[in-house]
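Peer 1: Residue strings, one per chain:
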Amino acid sequence: MTDADATPIHRALGLTDTELHEIVEILGREPNRLELSMYSVMWSEHCSYKSSRIHLKRLPTTGEGVLVGPGENAGVMDVGDGIAAAIRIESHNHPSFIEPYQGAATGAGGILRDIFTMGARPIALMDPLRFGPLDDPRSRWVAEGVVSGISGYGNSVGVPTVGGEVVFDECYKGNPLVNVLCLGILPVERLVLAKATGTGNLAVLLGSATGRDGIGGVSVLASAGFDEGSEDKRPAVQVGDPFEEKRLIEACLALLDASLVVGIQDLGGAGLTCAASETASNGGMGMDFDVAAVPRRELGMEPFEVMTSESQERMLAIVTPGDLPEVLRLCEKWEVLATVVGKVTDPDEHGVGALRIVDGFGGAVLADVPASSLHDAAPLYERPMAAPADLAERQANGPAAPTRDEATDALLGLLYDTTWVSSQYDHQLFLNTVEGPGGDAVVLRLKHPTTGADTGRGLALTTDGNHRWCAVNPRLGTAMTLAESILNLACVGARPIAVVNCLNFGNPEHPEVMWQLSETVDGLAEACSAFALPVIGGNVSLYNESRGIDIDPTPVIGLLGMVDELTQRPPGVTMAQGDRLVLLGDDLTGPTPSLAGSAVAWATGAKGGQLPPFDAQAHTRVVGLVRALVNEGGLSGVHDASSGGLGVALAEMSVRSGVGVNVNCMPGTAQLFTEAPSRVVVAVAPAGLAGLLAAAAAAGVPAVELGAAEGDRFLVAGAGELIDVAVVDLTATWRDRLPDALGAGTTQA
Amino acid sequence: MAARIGVVQFPGSNCELDVIEAVRLIGGDAEILWHGDAELQGVDAVVVPGGFAHGDYLRPGAIARFSPVMSAVVEFAGQGGPVVGICNGFQVLTEAGLLPGALQKNRGLKFLCAPAELRVDSTNSVLTSAATKGSVLRVPINHFEGNYTCSPETLAELRDGDRVVLRYVDNPNGSVDDIAGITNGGGNVVGLMPHPERAISALLGSADGLPLLRSLLDAASVSV
Amino acid sequence: MIFMLFSVQVEVSLRDGVADPQGATIERSLPHLGFDGVRGVRVGKSIRFEVESADETAAQAEVDDLCRRFLTNPVIEDATITLTAVDAASARG
Amino acid sequence: MIFMLFSVQVEVSLRDGVADPQGATIERSLPHLGFDGVRGVRVGKSIRFEVESADETAAQAEVDDLCRRFLTNPVIEDATITLTAVDAASARG
Ligand SMILES: Nc1ncnc2c1ncn2[C@@H]1O[C@H](COP(=O)(O)OP(=O)(O)O)[C@@H](O)[C@H]1O
Ligand SMILES: [Mg+2]
Numbered sequence: 001m002t003d004a005d006a007t008p009i010h011r012a013l014g015l016t017d018t019e020l021h022e023i024v025e026i027l028g029r030e031p032n033r034l035e036l037s038m039y040s041v042m043w044s045e046h047c048s049y050k051s052s053r054i055h056l057k058r059l060p061t062t063g064e065g066v067l068v069g070p071g072e073n074a075g076v077m078d079v080g081d082g083i084a085a086a087i088r089i090e091s092h093n094h095p096s097f098i099e100p101y102q103g104a105a106t107g108a109g110g111i112l113r114d115i116f117t118m119g120a121r122p123i124a125l126m127d128p129l130r131f132g133p134l135d136d137p138r139s140r141w142v143a144e145g146v147v148s149g150i151s152g153y154g155n156s157v158g159v160p161t162v163g164g165e166v167v168f169d170e171c172y173k174g175n176p177l178v179n180v181l182c183l184g185i186l187p188v189e190r191l192v193l194a195k196a197t198g199t200g201n202l203a204v205l206l207g208s209a210t211g212r213d214g215i216g217g218v219s220v221l222a223s224a225g226f227d228e229g230s231e232d233k234r235p236a237v238q239v240g241d242p243f244e245e246k247r248l249i250e251a252c253l254a255l256l257d258a259s260l261v262v263g264i265q266d267l268g269g270a271g272l273t274c275a276a277s278e279t280a281s282n283g284g285m286g287m288d289f290d291v292a293a294v295p296r297r298e299l300g301m302e303p304f305e306v307m308t309s310e311s312q313e314r315m316l317a318i319v320t321p322g323d324l325p326e327v328l329r330l331c332e333k334w335e336v337l338a339t340v341v342g343k344v345t346d347p348d349e350h351g352v353g354a355l356r357i358v359d360g361f362g363g364a365v366l367a368d369v370p371a372s373s374l375h376d377a378a379p380l381y382e383r384p385m386a387a388p389a390d391l392a393e394r395q396a397n398g399p400a401a402p403t404r405d406e407a408t409d410a411l412l413g414l415l416y417d418t419t420w421v422s423s424q425y426d427h428q429l430f431l432n433t434v435e436g437p438g439g440d441a442v443v444l445r446l447k448h449p450t451t452g453a454d455t456g457r458g459l460a461l462t463t464d465g466n467h468r469w470c471a472v473n474p475r476l477g478t479a480m481t482l483a484e485s486i487l488n489l490a491c492v493g494a495r496p497i498a499v500v501n502c503l504n505f506g507n508p509e510h511p512e513v514m515w516q517l518s519e520t521v522d523g524l525a526e527a528c529s530a531f532a533l534p535v536i537g538g539n540v541s542l543y544n545e546s547r548g549i550d551i552d553p554t555p556v557i558g559l560l561g562m563v564d565e566l567t568q569r570p571p572g573v574t575m576a577q578g579d580r581l582v583l584l585g586d587d588l589t590g591p592t593p594s595l596a597g598s599a600v601a602w603a604t605g606a607k608g609g610q611l612p613p614f615d616a617q618a619h620t621r622v623v624g625l626v627r628a629l630v631n632e633g634g635l636s637g638v639h640d641a642s643s644g645g646l647g648v649a650l651a652e653m654s655v656r657s658g659v660g661v662n663v664n665c666m667p668g669t670a671q672l673f674t675e676a677p678s679r680v681v682v683a684v685a686p687a688g689l690a691g692l693l694a695a696a697a698a699a700g701v702p703a704v705e706l707g708a709a710e711g712d713r714f715l716v717a718g719a720g721e722l723i724d725v726a727v728v729d730l731t732a733t734w735r736d737r738l739p740d741a742l743g744a745g746t747t748q749a
Numbered sequence: 001m002a003a004r005i006g007v008v009q010f011p012g013s014n015c016e017l018d019v020i021e022a023v024r025l026i027g028g029d030a031e032i033l034w035h036g037d038a039e040l041q042g043v044d045a046v047v048v049p050g051g052f053a054h055g056d057y058l059r060p061g062a063i064a065r066f067s068p069v070m071s072a073v074v075e076f077a078g079q080g081g082p083v084v085g086i087c088n089g090f091q092v093l094t095e096a097g098l099l100p101g102a103l104q105k106n107r108g109l110k111f112l113c114a115p116a117e118l119r120v121d122s123t124n125s126v127l128t129s130a131a132t133k134g135s136v137l138r139v140p141i142n143h144f145e146g147n148y149t150c151s152p153e154t155l156a157e158l159r160d161g162d163r164v165v166l167r168y169v170d171n172p173n174g175s176v177d178d179i180a181g182i183t184n185g186g187g188n189v190v191g192l193m194p195h196p197e198r199a200i201s202a203l204l205g206s207a208d209g210l211p212l213l214r215s216l217l218d219a220a221s222v223s224v
Numbered sequence: 001m002i003f004m005l006f007s008v009q010v011e012v013s014l015r016d017g018v019a020d021p022q023g024a025t026i027e028r029s030l031p032h033l034g035f036d037g038v039r040g041v042r043v044g045k046s047i048r049f050e051v052e053s054a055d056e057t058a059a060q061a062e063v064d065d066l067c068r069r070f071l072t073n074p075v076i077e078d079a080t081i082t083l084t085a086v087d088a089a090s091a092r093g
Numbered sequence: 001m002i003f004m005l006f007s008v009q010v011e012v013s014l015r016d017g018v019a020d021p022q023g024a025t026i027e028r029s030l031p032h033l034g035f036d037g038v039r040g041v042r043v044g045k046s047i048r049f050e051v052e053s054a055d056e057t058a059a060q061a062e063v064d065d066l067c068r069r070f071l072t073n074p075v076i077e078d079a080t081i082t083l084t085a086v087d088a089a090s091a092r093g
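Line by line, the protein sequences are chains A, B, C and D. The opening position of the first sequence corresponds to residue 1 in the numbering used here, with each subsequent residue numbered one higher. The opening position of the second sequence corresponds to residue 1 in the numbering used here, with each subsequent residue numbered one higher. The opening position of the third sequence corresponds to residue 1 in the numbering used here, with each subsequent residue numbered one higher. The opening position of the fourth sequence corresponds to residue 1 in the numbering used here, with each subsequent residue numbered one higher.
Just so you know, these hints were derived from the structure itself, not from any lab. Where a beta carbon is used, it is the ideal one built from N, C-alpha and C, also for glycine. Some hints could be false.
[As the list claims (entries may be wrong)] Chain A is nowhere near these chain D residues, computed Cβ spacing over 12 Å in every case:
id: 1; residue: 9
id: 2; residue: 19
id: 3; residue: 56
id: 4; residue: 57
[Unchecked claim] Have a look at the derived ranges for each label pair, beta carbon to beta carbon:
id: 5; chain 1: D; residue 1: 81; chain 2: C; residue 2: 84; range: 18 to 24 Å
id: 6; chain 1: A; residue 1: 375; chain 2: C; residue 2: 40; range: 56 to 62 Å
id: 7; chain 1: D; residue 1: 78; chain 2: A; residue 2: 454; range: 35 to 41 Å
id: 8; chain 1: C; residue 1: 19; chain 2: D; residue 2: 81; range: 51 to 57 Å
id: 9; chain 1: C; residue 1: 81; chain 2: B; residue 2: 75; range: 29 to 35 Å
Work out the full structure: start from the sequences and follow the hints.
Peer 2: This is the structure in structure tokens:
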């Protein structure tokens, strides 16, 4: 970016010539360098969603209980008893590839701020993670660092990480996916929005001093793919400070409790530029922003560096001048630096508020732009899209089922216990965690955020993604992903109330990627309508590619649910000696099911075919039945058949309980490994069997008695033996896979 | 009148509200003691809770022990007042010199949040008086630096004085002699890495922390 | 009173005989990475700062005290202090 | 082939400009502990070990590689390496 450089500055900053032209139109003059850098960060893909916005509009966003939908820092649902739940999911994929520990840590930090910005106390994190294969050393290093980073930050900041996902696949080798979801609760009346109102009110910057962290990060890191050349972009890495964030949480919630805040906004992508312009334009006001007042960590920072820095652990609060002394006192108690950096100003006669960057109030004006233009005027692209040319051919080429001889090894190859990850996370803080990591979904006690009074009800959470399904068919795959989330909630007795999503895709300049994105949005919209669920927030992460190869489309769905009466723990993924095992949602009499998109097919590199059929109404019946059975309390175990199908579901119940399985009605390996939706295994004591089958019949849900939980071998047979392995061996394979690959303790902390 | 337990809050503490909830569940009163106050507000017992006081920067407990409240806690302990340090609180008490030894990084060099089985090896302390000697309690651990270390002389003193109150059945972190919790010579200051406040109901997975918390409440009630 | 500026490095290491899980972990993983012949790995901290003091004796005394009371836990750690006077010109820089 | 033994100290420090929350927190707390005049606190790691190598050049190359690939993430950290030959007598000790 030196003047000697032949590249014009706007292009070096990632703005196209057309975009520059638009800026000139808006300002009626050439922008100066500070203004240009502000537009460049705000109009980046990361902040403006310029490639995805036109698609996201198709998602249903309203429904019962929705207090805040997409567009704010987090979605907010009314969950009764005067309590609201705020939820958001975000990605930190690219930073985590470059510096796994800090990338993941700052990802957790960022999503937490989105939650307490709304006035909510963060009570849970979830971390859906996707890495390259375990036999790749770099992927192991990334996985180890990412998990250490989430552990190091989440534990220390004092928010439990209660669940998530851990997936390994070749397509994430050069581009891991690190998504983080955060849930918070607040008294409904404390809800605050990112708004600056009231002429003369003050913008107070809270938290860390500003350094050169992540300068250009939003435009450079988030909006361009990278491969070998990534080293150049490295100085942009940010370091997280969970202790600062913890004090920031306490200070901000104390300010909100004392009603000292008119509006508040976290500083994430695009830093101060985003927070100042967003609060001003949301309030229909302008702001004079004193860049000289911003406390700095480094000498000699230029105004454009201060305005676009992504230094972590900062918030911008709008307060009245009268409340300022009390604001400063509370911040001092929590050892949080607080500095007046802005003043809210009136809009002009057209209602347009100016964001003026000044060198001291009343001093030189360094930048002067319509605040709202940084957001509303951001470019909107209708990028070309096209289905893959070989789609029909791929669909016609379905995977073959493993032979009988291959079945045992195929099953063993799919098993891994994620305790290696989850035991590094505090998942119990706040005494809410009734069902934590390892279950089909998380269940948290719902206590009033300020009085602590127990409501006797629970919140349930799950995150799900299935890149295999979505690679085969993004539209149906996404719908099936949401369906699976709903079924996961049913397994813990919960009903779904709201959806958030994180859309992880490749390069949007590839027409096939835009087609995947568009199909995914349609699939999600259709499924949300079918299940009457609103989407209340999300995030889009594009340019997930390396060396020109895009990742498989990976929408990750976060689903929030309610347990209406939380009096007992859900049965869990287990079973007891002597139980009968019943499959719900399938009686195994249908035609041979498709293995397309299944883990077992992927393991052999067979990525074609057509997904098994999905019937939303049949799914709803299964969900209703499972939820009722769980809440009635008669089951000794329950587990949905998801990744790895029925085989993996049964194996997981076996290793978790230490009890063998004897199933003798399996028609073949296809039925065992298909990932057809809407299938659930339940374990019941023999006395409960008849009642269970009757309940299934009454609900119109196909069911079949699979066999027994007994002995110390895992036996599956039908017309002949399919699988026979000792439970101890099954357990060792399952338990040791991650420790063996990732086991050496962390050196990245 | 119910006994009052003061729960110290440093910037970075995070288990203080959990301890308060647990104490109230068993009929005690509990309140926050802010680290910057040099006063204990007349409480009958003090808990230094888990978390990351001052971010655990430098070493867990290294900065926290200089807080004004700690002088008051040291004085209170010196007068025989019941003081319990849980997890980070244990680390703070060792840094403050109220308990011997130090807590290093776990042997496996990983943070560990997991259930643990603890054997009650001494009931001569304010945290174990109401528990049964030899009984095994299921109480979660949640720490990176829980690997108890001390000199051979200190270990001999702890053993000879019946001051190892809790031992791990299956040592998760490399602690010398499987130590999970120790007490001072008077039995009134106890430090332990596991979290009894997390084991207060079947709904949360275990209620085995209750005998420990009840012991503390008993000790606190004596002075009421 | 005129103050002098000193640049200080404190190396905090585990005392002999104290087990070092971090060092052991690094040592264990090295052969897998193709590094042979490395042994006796010990991990400590290196803390650098500047201190203003009347003279070198005073500075040394202050840093000694800082190490003993705060920067180390004497139960398990030792400190090695390196003190260097910074000349006034560079101190202003 | 005869091998030589080297004693190595690696100081791993955060690169200039990279935030050091730990150092900043220590610095903020010092005045409360009664230590004034201390500033610019930065915390790094000090890793000591011994390495056997054919000669100094080979040892230096191996340690360089070890630092780059394992002991640091060059994205945020720098390593300063100090290599000292250990004479055979003391090496056996
Ligand atoms: N896939 C999506 N579905 C629905 N809403 C989305 C999606 N992606 C982003 N959003 C919404 O767009 C808004 C802006 O997102 P973003 O720019 O990431 O927020 P922030 O400024 O906090 O980083 C958020 O309210 C978010 O919920
Ligand atoms: Mg935000």
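Peer 1: Next, verify each hint and record whether it holds.
Peer 2: Now for the hints, and whether the structure bears them out:
With 12 Å as the threshold on Cβ separation, the claim that residue 9(D) sits away from chain A holds: the shortest Cβ distance comes to roughly 17 Å. Once the 12 Å rule is applied to beta carbons, residue 19(D) is inconsistent with being away from chain A; the minimum gap is 4 Å. Residue placement check: residue 56(D) keeps its beta carbon more than 12 Å from all beta carbons of chain A (closest about 26 Å). Distance to chain A confirms residue 57(D) as a non-interface residue, since its nearest Cβ pair spans about 26 Å, more than 12 Å.
As the Cβ distance of residue 81(D) to residue 84(C) is approximately 19 Å, the hint placing it in 18 to 24 Å holds. Between residue 375(A) and residue 40(C) the CB atoms are about 58 Å apart, so this pair conforms to the stated range of 56 to 62 Å. At roughly 52 Å, the beta carbons of residue 78(D) and residue 454(A) sit outside the given window of 35 to 41 Å. Hint check: residue 19(C) to residue 81(D), Cβ distance near 25 Å, so the stated range 51 to 57 Å is violated.
For the pair residue 81(C) and residue 75(B), the supplied restraint of 29 to 35 Å holds, since their beta-carbon distance comes to about 33 Å.
Consistency with the previously given hints fails for numbers 2, 7, 8, ordered from lowest to highest.
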